[in-house]
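Protein chains: 2
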Amino acid sequence: MQSFNPPVRTLMGPGPSDVHPRVLQAMARPTIGHLDPAFIGMMDETKEALKYAYQTENELTMPVSAPGSAGMETCFANLVEPGDKVIVCINGVFGNRMKENVTRLGGEAVIVEDKWGEAVSFDKVEQALKENPDAKIVAFVHAETSTGVASDAKALCALAQQHDCLTIVDAVTSLAGSELRVDDWGIDAIYSGTQKCLSAPPGISPISFNERAIHKLTNRKTPVTSWFLDLNLVMGYWGKGAKRAYHHTAPVNTLYGLHESLVMLMEEGLENSWARHQANHQLLKAGLESMGIGFLVNEADRLPQLNTVFIPDGIDEAAVRSSLLNDYNLEIGAGLGDLAGKVWRIGLMGYSARRENVLLCVSALKEILAIK
Amino acid sequence: MQSFNPPVRTLMGPGPSDVHPRVLQAMARPTIGHLDPAFIGMMDETKEALKYAYQTENELTMPVSAPGSAGMETCFANLVEPGDKVIVCINGVFGNRMKENVTRLGGEAVIVEDKWGEAVSFDKVEQALKENPDAKIVAFVHAETSTGVASDAKALCALAQQHDCLTIVDAVTSLAGSELRVDDWGIDAIYSGTQKCLSAPPGISPISFNERAIHKLTNRKTPVTSWFLDLNLVMGYWGKGAKRAYHHTAPVNTLYGLHESLVMLMEEGLENSWARHQANHQLLKAGLESMGIGFLVNEADRLPQLNTVFIPDGIDEAAVRSSLLNDYNLEIGAGLGDLAGKVWRIGLMGYSARRENVLLCVSALKEILAIK
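For the record, the sequence lines run as chains L and B.
Every number in my numbering is 4 more than the matching position in the first sequence, counting from 1.
Every number in my numbering is 4 more than the matching position in the second sequence, counting from 1.
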């Protein structure tokens, strides 16, 4: 067995995205102890920077030591108790995963379904809330990575609050890529990943809980089933002050990477980052439309960072993706579920949202599809 | 907020251990997609190398995408169903954590307790098995990181098998540091961490399940509560063949690090690695004993990789650790629980198990304690 030297790819799939050399270098810095005072200082900075990225003052804002799926599970495992009724909005893969979380935890999932590629319907959620006055939580995906659709998190959270429900919001693909304001929008619990628009390596899931969510968490009648994800315990390590209680060993070097990516986000400015994603999306859109390639999602609900486009008729889509990967070192994503074989998913996330990536992608597709 | 440049430490605590520059460099290699064919080739190599490290032919041998605590939870969440009786051996912090896992999952924990610093008692476990013929699992810690004691995993597993029980074994600190033979000893389910004797950065937990454990897993009457840790799903991604189903985004760069550390383990040879840990332990022991510092654990049950030693009388132990850290950039560990303030834990794990580290540690302690 030899050392592994990965090929150098351009990552324009649904994540992971290209990781900036500064972030890669940070990953290689010397490992130190997870209770080292120097490390605890870095943890505090990371929390502050995540508050900025999420636009929140929530004290409980921190990175979970595992991928986005574990961040999702952290929200559900801490906030859903057996018997709790949860309104789960499904308009793609990740809404389905939310439902799985609810039912495995013994909760009752009330499903609000929308077509893949469409935003979560405000009216349907309102109807479900009226029909289920005992619902305790509304859960939905802000940016559906499987379809590229954005839902109106602000309106949905206001609606949930009117009906005295907490909200759990999936922001895996939205954080740092398009507008997201946790406090202004009244989001109660939210999770994301590092490998999308933050462009840090995968393996960490930033979460944030407000006071309403913490109230629910600290007033549970049953213990959290997961010891690893129990925020009552995790906060002993990620909480305030110099004294931290050992809970688990933090992924030290991956946190170096996240920290560096957050330094870069602060250097650029959050709104500038949102604008850059939008500008590159417009560039990609123009290029693809010039080739007759259209979008799954209507323009108003489209995510700039995840472009789901129809595959031209008569094309062997897997062969195109193979050619992009093998001949151009360029990764784009396949469709999931019912969309498999019908769409490609082209990511413009974080450091991947660059003019040079857009030009490469459009030019390579033109060559392969032999469009002059 | 500035880039974080950690101090360069020598890590001789209970983990993380020193990470070799080759492994750190591997962490900084370009991120590629978690479904990239090149990445899947690396996954297969990693699984094979873990089988070597564990001395097993178990097909289900793979790294969980989260720290050792999540590896523990993977074993319990997949193998314990509500109502299952589990014999949990407690002789330190991590046995207690096992009990937490069992009870949160709705299992019934039968506790076999031994003094901290002593090995798990074969006789007590036998007694518990006789008194609980309906017990389904015996769980114990092979190498207790909180005390530095080794328990006789071979004898305990044989005993459990006689009573038709599965075993769950914590090998977080033993893997690659001292003798461990999963197949020969009949261990059914085992978990470890990367940041101890493998000397890769923290954040990953290698596990292995044999056919008996898989039989229990696939014949559950209830779904696994955790979606993220459900091995029925995870195996769709880490399983055989070129086609892998997306489950979660793997921690790509941390896996590069683990892969490189496994390449280095294979270069050295597993038994040579065990012998190196033992040789450096002997060196440390001689140095400490020359200063009148003695061990908590009796010689026969002592782990070479985790040396728990009594703090000399009249010493401000926290001040000594601070001086080691601030004046020598050397980290050693404090005592946990009842041992806090009474012992230090000096790790000789993986790349930390080197003659130069031992000499530094002994010399620095001599200077601080002013022993001539």
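Treat each hint with caution, since some may be false.
Copies of the same chain are indistinguishable here, so a pair counts whether it falls within one copy or spans any two.
Only pairs whose alpha carbons sit at most 27 Å apart, straight line, appear in this in silico DSSO-like list of lysine-lysine [what the hints assert, rightly or not]: (1) K247 <-> K103; (2) K247 <-> K346; (3) K119 <-> K244; (4) K220 <-> K103.
Note that these hints are calculated values from the structure, not bench results.
Checklist entry - Any hints this thing doesn't respect? Which numbers, in order? => result Hint 3 is the one this structure does not satisfy, whereas the remaining hints hold.
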